[in-house]
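Chain by chain, the residues run as shown.
2 protein chains.
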Amino acid sequence: MEHWIGIDLGGTNVVVGLLNDEMKLISKIKRSTGADQGSEFVLSQIAEMVDEVLELNHVDKNDLRGIGMGSPGFIDPIRGVCLLAVNLGWKDYPVAARLQELTGKPVFIDNDVRMYVYGEAMNGASQGHDCVFGITLGTGIAGAFVDHGQLFYGGGFMAGEVGHIPMDGEHHTCGCGLKGCLETVASANGIARQAREALAVGRASLMQQKLVNDPQAAITAVDVSKAYDDGDELAIEIMNHTGKVLGKALASVVTLFSPDCIVIGGGAAQAGERLFAPMREEIKNNVISFYWDKLTIVPGQLIDDGGVIGSASYAKSRLS
Amino acid sequence: MEHWIGIDLGGTNVVVGLLNDEMKLISKIKRSTGADQGSEFVLSQIAEMVDEVLELNHVDKNDLRGIGMGSPGFIDPIRGVCLLAVNLGWKDYPVAARLQELTGKPVFIDNDVRMYVYGEAMNGASQGHDCVFGITLGTGIAGAFVDHGQLFYGGGFMAGEVGHIPMDGEHHTCGCGLKGCLETVASANGIARQAREALAVGRASLMQQKLVNDPQAAITAVDVSKAYDDGDELAIEIMNHTGKVLGKALASVVTLFSPDCIVIGGGAAQAGERLFAPMREEIKNNVISFYWDKLTIVPGQLIDDGGVIGSASYAKSRLS
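Line by line, the protein sequences give chains Z and A.
For the first sequence, this note's numbering assigns the number 1 to the initial residue and increments by one for each residue that follows.
For the second sequence, this note's numbering assigns the number 1 to the initial residue and increments by one for each residue that follows.
Calculated directly from the structure, the hints in this document are not laboratory data.
The structure presented is a predicted model; accordingly, all values stated were derived computationally and were not measured.
Where hints are given, some of them may not hold.
Copies of the same chain are indistinguishable here, so a pair counts whether it falls within one copy or spans any two.
Stated by the list, open to error - BS3-like, lysine-lysine: derived pairs with alpha carbons at most 25 Å apart:
hint	residue 1	residue 2
1	Lys294	Lys284
2	Lys294	Lys91
3	Lys28	Lys91
4	Lys294	Lys179
5	Lys61	Lys105
6	Lys28	Lys226
7	Lys244	Lys226
8	Lys179	Lys244
9	Lys105	Lys30
10	Lys294	Lys244
11	Lys294	Lys24
12	Lys294	Lys105
With the hints as constraints, model all of the structure from the sequences given.
Here it is as structure tokens:
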């Protein structure tokens, strides 16, 4: 039976997963990326991990059909080149060609968020929908669109950056240099920042308690969710506001891409209905009903394995 | 030499154009659509017009390779079906198949705005750019995206409706039922409405003069442009505001689609720099610089012939 490798490469860790031809994840191994030891080290270690996960599962390397890898940064998936990945120290690096030399197997790479969304669209929460927009609410916010099994790239492979739409009424400076980007509000960092700022100006909240115990303690998006569940007024206000801003941005996405399904992944998506209820309301109020009526909105299903499963699915699609 | 027919079908008139294989428009004829006489009349007349334009130009029907037609309403271009066109009285009508029977030639149809944008992208103002977003500022506002020669459809062929993004601070009810859609501000009707409303509450303006002569006179977008050129404060305010709102919506388009080129067509685009200058400024201020740096913004070039040229280009692409 044919097998596939999916790789989720991050600045800190790299996960190499073995999948069968039905895209079921059989086994995975995780190591430190070792980006500080150079690109050759990173890719050689990955090639070793590929052999290791095959041996571990008694799969003959001849049965390995292809390898997919999601990488941070800007990727040209057609040429298989990492255009720029700051936290890997890579620039115009022909990742796919080099890993192909090291493993002797066809290698396909793409941006990590596109791989995650591809996984959810083809083998996860959005499976069965033709047109899927995926958004990840992590430290930052990113998005990607899958159209009948094909990733959408736009010019220069830079489409889908929903996190960098400036939202009216928001003024916080974003890492990208713009002001009020969606990412400054609805990412895990954005939710935490709203809480921190409100506490700093003396808003009463159950979240103050954490700072009483330790004035240096970080207030996180998880703390906001917890306080929300305890009926904390500030936490409820933050979640409602965040969901509304997220919904406004996604309404534009709906009108421009006409997705059949939106899948929401990333750490902050664990806020679940606290965030999704006001978000849905805002989308509904800002799109023509024929978009809303056909739209399904789901939380991500693959969580940590999305990148690995998506990368393998992508490799399979490129070799079909 | 192979020839092509491009058809621009409207609720009032229909234009049938003959093009050579380089997509040069050789000749065109125009008639009343006659929608009130039924779909069979409309298509039979079009088939006659096809024969007529061929004879008129001494082109043998054997040299006619294919026919493209842009139609108002919702179109399924894959099946060649008009899903709904209110002003033609068509619903789930297999237009392409019927016109193919009547002409004996392959027929491909799509929505009129997508055909126009396809024409500008392949043979007009945006020729040579890989990823083109086109927007038409007419009575309403519509948009379409062409990605390396392929039209982008989204789910249910409903993508690109940039005219129906509700804009912050705008409250006028749109024909679609939402409030504050881009279309209520930046269409020809939207510009005229802003002028009318300001005059109604007694704003001083050179545009008042037209109403002094005839209190029932309609104030149009063209009147606003004229007053702008005469230094009228209200007209300048309206154009600046309109350009800014248009730019804000297009900034979202840029971040989500990453176009290499935006082409702006439709009657209100004739306002030109009066509208484009504040629009460009707003786009630039609301997108990450790597989008802006690669972006070209151009006015449409094909004007009245865009639908005919685009339809013929589309037919050619489907037969290639």
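Here is what the structure says about each hint:
no.: 1; hint: Lys294 / Lys284; result: within (11 Å within a copy, 34 Å between copies)
no.: 2; hint: Lys294 / Lys91; result: between (41 Å within a copy, 19 Å between copies)
no.: 3; hint: Lys28 / Lys91; result: neither (28 Å within a copy, 53 Å between copies)
no.: 4; hint: Lys294 / Lys179; result: between (33 Å within a copy, 21 Å between copies)
no.: 5; hint: Lys61 / Lys105; result: within (9 Å within a copy, 53 Å between copies)
no.: 6; hint: Lys28 / Lys226; result: neither (32 Å within a copy, 68 Å between copies)
no.: 7; hint: Lys244 / Lys226; result: within (19 Å within a copy, 41 Å between copies)
no.: 8; hint: Lys179 / Lys244; result: both (18 Å within a copy, 17 Å between copies)
no.: 9; hint: Lys105 / Lys30; result: within (20 Å within a copy, 59 Å between copies)
no.: 10; hint: Lys294 / Lys244; result: within (21 Å within a copy, 32 Å between copies)
no.: 11; hint: Lys294 / Lys24; result: neither (29 Å within a copy, 41 Å between copies)
no.: 12; hint: Lys294 / Lys105; result: neither (41 Å within a copy, 35 Å between copies)
The structure does not agree with the numbered hints 3, 6, 11, 12 stated previously, though it agrees with the rest.
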